[in-house]
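Here the structure of chain A is known, so what remains is to put chains B and C in place on it, guided by the hints.
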Amino acid sequence: MTTLAVAPGPRAGVRGTSPWLSFARRRLTRFLVSLWALVTTAFLMIQLVPGDPVRASLGLTAPVELVEARREALGLNDPVWVRYGHYLGGLFTGDFGTSMGSGQPVSQVIGDRLPATLELALPAFAVVAVLSVPLGVLFAVLTRGGRRRGAELAFTSVSVFLAAVPEFLVAVGLVALLSVRLGWFPVAGSDGASAFVLPVAALAIGPAAVLARIVRVEMLSVLGDDFIRTARAKRLPRRLVYVRHALPNALTAALTIGGLLLTSMVAGTVLVENVFAWPGLGSTIVQSILQKDYPLVQGVVLMYGVGVLLVNLLVDVVLALLDPRSTIREN
Amino acid sequence: MTATTAATAAAVPEKTGRGSPWLAAVRTPVGACSAVLLAAVVLLAVLAPLVWGDRAATVDTNAIGQGPSGAHLLGTDSLGRDIFYRTLVATRLSVGLAVVSTVIGVTAGLVLGTLPSVLPRPAGRLVTAAVNIAVAFPGLLLALFFAVIFGVGTRGATLAIAFALAPGFARLAQTLAAGVVGRDFVSAARIAGVGRFRLLVRHVLPNIGEPLVVNATIGAGAALLAFSGLSFLGIGVQAPDYDWGRLLREGLDGIYVNPAVALAPGVAVVLAGLAFNLVGETVAAVVGVRTRSAKVRDRPVPPVRTAAAGETGDESLLVVENLQVAFPGPAGWTTPVRGVSFTVRVGEAIGVVGESGSGKSLTGLAVSRLIEAPGVVTADRLDFAGTPLLTTSERELRPLLGTSLAMVFQDPMTSFNPTRRIGRQLAEVSEQHQGLSRSRALARAVDRLRAVRIPAAERRARQYPHEFSGGMRQRAMIGMGLMGQPRLIVADEPTTALDVTVQRQLLRLLARTRDAENAAILLISHDITVVAQNCDRVLVMYAGRIVEDLPTADLTSAPRHPYTRALLAATLELDTDRDAPLAVIPGRPPEPSEVPVGCAFAARCPRAADRCLAEDPVPALVGPGHRVACWHPYEDTGRESGREAVASGGAE
Amino acid sequence: MSELVFDDVSVRYGGRRGGLTAVDRVSLTVPAGQVVGLVGESGSGKSTLARAAVGLSPVTAGRVLLDGVDVRRLPQRRPLQMVFQDPYSSLDPRMSVGESISEAMPRGAHPGRAGRRAEVARLLELVNLDPGRAGMLPGQLSGGQRQRVALARALAGQPEVLIADEITSALDVSVQGAVLNLVRSVRRRLDLSMLFISHNLAVVRYISDVVAVMYLGRIVETGPAEQVLTDPQHPYTRDLLAAAPSMGADGTGDDGGPADIEPPDPHHPPSGCRYHTRCPIGPLTNAERTVCATTDPADGAIRRRHRAACHFAEGDSEHPGISAMSKGDGPL
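Protein chains in written order, with this note's numbering: chain A, 21 to 351; chain B, 35 to 686; chain C, 2 to 333.
Extracted from the complex, chain A is given alone in its bound form:
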C-alpha cells in the first residue's frame, strides 16, 4: 500500500538480464507454484470428503473386510503426510491411482478419454478466435463515436443473448433443431466429421459472442486513446490505423479478460460432452462424481486444472509477444 511518488525513470535497459529471460523465469515459477497448489488441492479434496470415501463408494452393504482391504490398498490408513508424499511421488511416476469403479489405473482412463475432449476443445478454440476477433473489430469500427446505432443495437442484443445461453442449452437447442427436426447431424456420439459440428458449435457460440463483445469494447476504448490520435495525425490510411495501431492494443486488453473465457471453455466441455454422450473426460468426471469414484475424480480434476493452467500460460505468452510492456509489468 505504498505510493511511489517517483515517476518511472527511463529504463536504459543495459543492466541485468534480458526482460524475456526474467519473464520466462517468473512465469515458470508461477506455473509451478500454481501446479503445486492444484495438486495439493486435488489431494485435499479427497481428505475433505466427509465420512469414509471407500465406504461411500462401495455402499453401506459392502462387507467390512472388503472396505478394510480397499482402504489398505489405497493407503488410507496411513497418516496424512505419508499419503501426501505417496500421492506426490505417484504423480511423478505417472501413477494417478486406481479407479474404484473399474479397477483400471486412472492414468489409463485419462489416456483413453483425453483425446476425445481435445478433439472438441481445440477446434472450438479455433472457431472462437476466428469468429470473434474480426466481428468485434468490424463492429467497433462501424459503430465508433456513436455511429450506426442500429448496427450497435443489433450486435449488442445478439451477443448479449448468445452469451446468456449456457453451452448445454445451446447444445440442446441445436440438437432439437438441427438433429431432431432437420436430421442434418447425429444426435450423439463421435463418429464421423458431421458428429463434430454440433458439439463444437455448442461449445464455441457463447464464448465467441462474449469475446466479440469484449473485442469491440476494447477496440472502441483503444480508438479513443491518445496514440490513435497520433496515428491519425500521421495521416495514415484508416485501415492501417485500425489494423496496425488499434488492433494489437485492443487484443492485449481483450486477451487479459478473454483468458478467463478460454479457460471456462475447458470446463464447458463437461456439459457439452454430457449432452452429446461424447466419450471424453467430461462424461468421465460426472459419472465418477455420481459413482463416488474418488481417485478417478481426483485425476480428472487434476487434468482439467492443468488444462486451465496451460491456457493461462499460453495467454500470457501471447500477451508478452503482443505487448512488450507486459514482460516487465506483470507482477
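For the record, the hints were derived by calculation from the structure and aren't laboratory data. One or more hints might be untrue.
[To be verified] Incomplete in silico selection of chain C near chain B, CB under 10 Å: (1) Val70; (2) Arg73; (3) Gln82; (4) Met83; (5) Pro88; (6) Glu100; (7) Pro107; (8) Gly109; (9) Ala157; (10) Ile164; (11) Val176; (12) Arg185; (13) Asp240; (14) Ala288; (15) Thr291; (16) Val292.
From a predicted model like this one, the values you see are computed outputs, not experimental measurements. Quick reminder that beta carbons are idealized off the backbone N, C-alpha and C, glycines included.
What follows is chains B and C alone, placed relative to chain A:
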C-alpha cells in the same frame, strides 16, 4: 453519525435527483425489458408453486410422454406430468437456489477480498495469493470440485456454486478497494487518525458498493446457469424435487418424441438468466458504472458571426475564419469553440493561451482536422497552404497534411503506440507519404531522431516507448513531425507534463526546428509566460472565443482586454511582490453548455456594463495586428479611461 | 507553534534488488511559525518526504521529530495535517463537505452534533466558503472550492504543522491566486508552521520564508527564500531558476551547455554528486573536476553557503543561523 443534519440536507436534493434516472432507465428498451422480465420471474417464483403446485405434480398415466395438446400446452413427461406447469413451478427452486448461492458467494467473496486490508501483512498476502490462483479456474470446475466435497444434492450444489463465485468477487472487491485506497481522501482520513476498520466501512465500502451490486446481479445470473448445469448433470437438485436443470435432464431423453420437454425449461433458464443480466446492465447504466452516450438529435445551427480575420496576404499559411466545434451532449449540442478566426503566416510562431475549457486545444485539433465524429467542425474558411481543409477529401489531404503538418501532443506517456518500436512509428510516415522502403524509412527515422538530439539514436529507434523518458518522447514526437517537411507545427501543451528544465530543452528544440525548417508554430498553452517567451503573436482564448489577438510585444505593455490583464496579473513571477496579496479573477469560466448571451467574461469583468450582458462583442482592430473582442477595452497606455473605452468600443 | 525536524530521514521502497531510495538521508527543519518551501522536479522525492512526516510513506532510517518528539510515538491523530495535490481525489465523493471536515476533528474536541456543526461552519468561513455548503457533496464544487474544503479539513485536525503538497498545480492560474492568498492568510492567522511543496519556483518564492531544493532524493540547497533565489549556490538551483519561464526573458535563446542531457534513472542514482551527470560546472565541462563523480558533496554541505551540496559552492561565513537551524541535533 457526525453532522447528520448536514448529510440529510444533502440527501434531499440527491433523492429528488435520483428518481428521474431510474425512471428514465426503465423507459429505455433495455430497462423496460429488464423490469418486465424481473417482475415476471419474481412473481412466478412467489406464486407458481402455490397456484399450480398440485397440477404440476399430478401423475397422469393416461398421458405419458405426449406432445403438445389442448390439455397439456407443452405436452407431458414420462410420468404424464404437465411440462408447462412443471416449468413454471420450478421457477421458485431455480431462482431461489441461485439467489441463495449468490448471497453466500458474494458475502464470502467480500470477506476474502477485504480481509487482506485488515489482516497482518503475511496473512493478507496468503489470502490474496490463494484468491489469485483460484480465480484463474472457471466457475464450473470449482463447482464440480466443491460438489465432490459437499456431496451430490441440493445443499452440496448450493455451497459448491457459492464457493465457486467467491474468488471472483474477492478479486473484484480487492481490485476496486485497491483503487479507492490509493486515492488521496483515504490518505487524508488516515492522517486524521481514522482507524482501519472505520476506513473500510466509511470510505472504502461505500465507494465500491455500486459496481459490486451490479456484478452481484450479473453473478446471480451466472449462478442460475451454473445451477441448472449441475442439476442437468445430475449433481444438483435430486428427484423428487425439480428445478429447470433437472427438468432439462429428464426431458433430454424424450427430445425425439417431444422437443418441448427439453426446450421449455431451457427457455426458462435463458429468460431468467437474461433478466438478471439486463437488470445488472440497467443498474450499471443508472449508477454510472458505464455511461451510455445520449441520443444524438439534430446538428447545431452555427451562429452567424462576422469577424475580421486580420489581413490575409500571400504569406498566409493557415487561414481560419469563424471556426466552430460542436459536440453532442446529454442536454443537446454544446459548442466549445464558437467562431474563432485567425491567420498564421509562414514561419510565424503563434501562441494560444487560455484556461482549461477555453477551447484552445479543440481549436488546435480542429485546424489539424483531427476532430472525429460525433464532433462537428464548421468554418467559413479553413485553408492550410492554400488547400481548403473542410471541403477537400481525406484521401487527397493525406499526403499534404502527412508531410507538412506536424503535431505534438500534451501527454508524452500516452501519445506513442506502446506495442510498436519508436523507430517504426516514425518510419511509417515516410513509408506512407514519401514512398520510402522499410529500411530507408527507418534510416530516415534514425536520422530524424538524431536531429532532435536523441543520443544513441540508432539504439533508441529499436526501443519501445516505455523505455523513453517523457522529455525524450516529446523529442521523438517532434522528430516524427520532421519526417516530412513541416510547414506548421501544432504543439498542444507540449511541456505541461514535463519538468521545467526539460521544458526549456523542448521549447528550444521547437525554436531550432522552426528556424531550420522555416516552419510556423501554433503553441497552445495554459501558461502565458511560456507563450510570451516563445511566440511572435498571442491569441487569448476565453470560453471558446478569441478575446484578444496581439503581438507578443504588446502583451506586457498594452494588453487591452480585461481578461488578458487579469490573466497577466494573476500569473506568479519570480519578482512578484511577496508582501501583497495575489491578484485573483473572481468567479469561474462558464461551462460550454451554458455560455451567456452577451460577453462570456462579463460576469467576472470589472468593466462590464449593460451592453456586455446583452451583446457579444465582435473582434475589432485596435492597433497594428492587434484585435480585441470587448466593448470596453483598456486603452493602450495601460491606464483605465472610461471615455476612451466607450469610444473604442463603439468604433467597431 | 511547533517545529518539524527531518533528521537524516531515508525512505526506501521495494526489495534489495530493483529497490528505490526515494528520500536519501535528508535533514530539514521547518522552524516554528515559518514556511519552508520545498522545490524539485518530479522524482526528486519531495512528496515522499512530506508523506513520511504524516506516516504515509515508511521512514526506513532516521527520525521525524515534532517539537523534539519522534512522530511515531505520537498518537495516531498527529498535530500534523496535509493538503493534497488533486482536489478531485482528496475528498470522498460520497461524504458531504461537513462530514469530511468533522471526521478530521480530534475526538472530544467539539462534543455533540451542534458543536461539530458549529465548528464545520467556523472552518468553512475561515476558508472563505459559505457555511451553507456543508451539506454539499464534492461533486457539486469546483476544483478551487474543493481545495478550500481540503484545507478546512486539514485545519479541523487542529494541526501545529501543515503540509501542502502541490496544492495549486491542478488549478488554473485565476484560481491558484485565490488559494495561495487563502493559505497565506490562514497560516498567519493561526500561526502554523508549514512545509509547502511545489515544482513551481515562483509559487514557492511567493509563499515561503525558507527554500529547500531537492534533487534525486537529496536536499542540495537550503536557505532564506530571497537569498537562495537571488544568489543560488548549487548549480541545480541555478538551472531551475534559468529554466523557469518568465514574461520578460526570451526562452528561445540557446545558452549551450549540457542542458539536453536526460535526468538519470532514480533507481540507479549517479555516484558522488548526483547532479554531476547534468551539471554545467561539473566534469562535463571541467574534466579535472573528477571529485564530483567520486565524492558525495553532502558531507561538507554544512560548512557551505545555503548548505549547498556542491564541491564548488562558496564557503559559509555570514550565515551561521541557517546551519544551526537546519542541522538540529542530528548525527554527522
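Hint check, Arg73/C versus chain B [nearest Cβ-Cβ separation less than 10 Å]: violated, 14 Å
Closest C-beta approach of Gly109/C to chain B relative to 10 Å, hint status: violated, 12 Å
Given hint Gln82/C near chain B, where the shortest CB pair must fall under 10 Å: holds, 6 Å
Interface hint compliance - Pro88/C to chain B, C-beta minimum distance less than 10 Å: At 9 Å from the nearest chain B Cβ, Pro88/C passes the 10 Å test, so the hint holds.
Restraint outcome when Val70/C is required to lie within 10 Å of chain B by C-beta distance: Val70/C check fails; min Cβ-Cβ to chain B is 16 Å, beyond 10 Å.
Hint check, Thr291/C versus chain B [nearest Cβ-Cβ separation less than 10 Å]: violated, 22 Å
Hint check: 10 Å Cβ-Cβ cutoff, Val176/C to chain B: holds, 7 Å
Status of the hint placing Glu100/C at chain B (closest C-beta pair under 10 Å): Glu100/C check passes; min Cβ-Cβ to chain B is 5 Å, inside 10 Å.
Pro107/C as chain B interface residue, shortest Cβ-Cβ below 10 Å: The hint holds - Pro107/C has a Cβ within 10 Å of chain B, the shortest such distance being about 8 Å.
Interface hint status, Ala288/C versus chain B (Cβ within 10 Å): violated, 19 Å
Status of the Met83/C interface restraint (C-beta, 10 Å, chain B): holds, 6 Å
Evaluation of the interface hint that places Ile164/C against chain B, nearest CB under 10 Å: With Cβ-Cβ at 9 Å, under 10 Å, it holds.
When held up to the earlier numbered hints, the structure conflicts with 1, 2, 8, 14, 15, 16 and fits the remainder.
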